[in-house]
Amino acid sequence: MEDAREPTEPRWLDADEQQHWYAFAYVLTQLPAALEARMQRDAGIAHFDYVVMSALSMAPERTLRMSELAQYAGSTLSRLSNVVIRLEKRGWVRRHPDPSDGRSTLATLTDDGMDKVVAAAPGHVDAVRRLIFDPLTKAQQRQLGAASRRILGALQAPHPTDWPSPGSTSPDPDPDPDPADRD
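No gaps in the numbering here: position 142 of the sequence shown is 142 in UniProt numbering, and each next residue is one more.
In case anyone wonders, no lab produced these hints; they're calculated from the structure. A hint or two may mislead.
To be verified - Label pairs and their in silico Cβ distance ranges:
1. A119 with H96: 23 to 33 Å
2. P32 with E68: 39 to 49 Å
3. V125 with G74: 18 to 28 Å
4. R65 with Q143: 25 to 35 Å
5. A139 with S78: 17 to 27 Å
6. R5 with A139: 27 to 37 Å
7. A139 with Q40: 18 to 28 Å
8. R65 with R129: 45 to 55 Å
9. A37 with W12: 18 to 28 Å
10. I85 with Q18: 35 to 45 Å
11. H96 with Q18: 42 to 52 Å
12. Q18 with Q140: 13 to 23 Å
13. A139 with D98: 38 to 48 Å
Beta carbons are placed, not taken as given, at the ideal position from N, Cα and C, and that holds for glycine.
Sequences are here, hints too, so could you generate the full structure?
As structure tokens, this is what we get:
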């Protein structure tokens, strides 16, 4: 029996879409490399290590379940476990059973780990500001945020905008400031 369905033609990118895609794809390769180099130079740690410790630094009691931390870091649990073991050996993170759920493991940022985050943060925020925010107007920054959230939605990825801001326990009250931009 033959399949009666006709093959569907790919939805090729038009010239403008190709240019946008090529520019974005290049950002996807160049930005992580630039952030990694800066973090290695300034703090002597991998950028991903900083992402993990930074997420813990913003969590209540500087503690998250490993599964939650993996989501925040955009990582598999396996990769995160390897990183947390390395951070634990350096005295920056401590793993321990979750007293409310014995099947879960918690990761807690230690005082030494918090000191490392605080020391690394100025260089990191300088790189983020210089590479991402300074080249854009405020309107473009809002568009970047909205576009990023839409792409995360298409990826069905957790939205980092749902994370509390440092010193806060509530999510961003306005994650998509301009619904009129939706097509």
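Consistency of the hints with the structure:
The beta-carbon spacing between A119 and H96, approximately 25 Å, falls within the hinted interval of 23 to 33 Å. Against the hinted window of 39 to 49 Å, the Cβ-Cβ separation of P32 and E68 comes to about 23 Å, which falls outside the hint. Roughly 19 Å separates the CB atoms of V125 and G74, a value that falls within the hinted 18 to 28 Å. Take R65 and Q143: their Cβ atoms lie about 34 Å apart, and the range 25 to 35 Å holds.
Restraint check, A139 to S78: a C-beta distance of roughly 40 Å breaks the suggested window 17 to 27 Å. For the hinted restraint 27 to 37 Å between R5 and A139, the CB-CB distance of approximately 45 Å leaves it violated. Separated by about 33 Å at the C-beta atoms, A139 and Q40 break the suggested range of 18 to 28 Å. Separation of R65 from R129 is about 31 Å and departs from the stated range, judged on CB atoms against 45 to 55 Å.
Checked against the hint of 18 to 28 Å, the C-beta distance between A37 and W12 comes to roughly 36 Å, which is inconsistent with it. A hinted range of 35 to 45 Å for the beta carbons of I85 and Q18 is consistent with their spacing of about 43 Å. Look at H96 against Q18: about 50 Å separates their beta carbons, and that is inside 42 to 52 Å. Separation of Q18 from Q140 is about 21 Å and conforms to the stated range, judged on CB atoms against 13 to 23 Å.
The hinted range of 38 to 48 Å is satisfied by A139 and D98, whose Cβ atoms lie roughly 43 Å apart.
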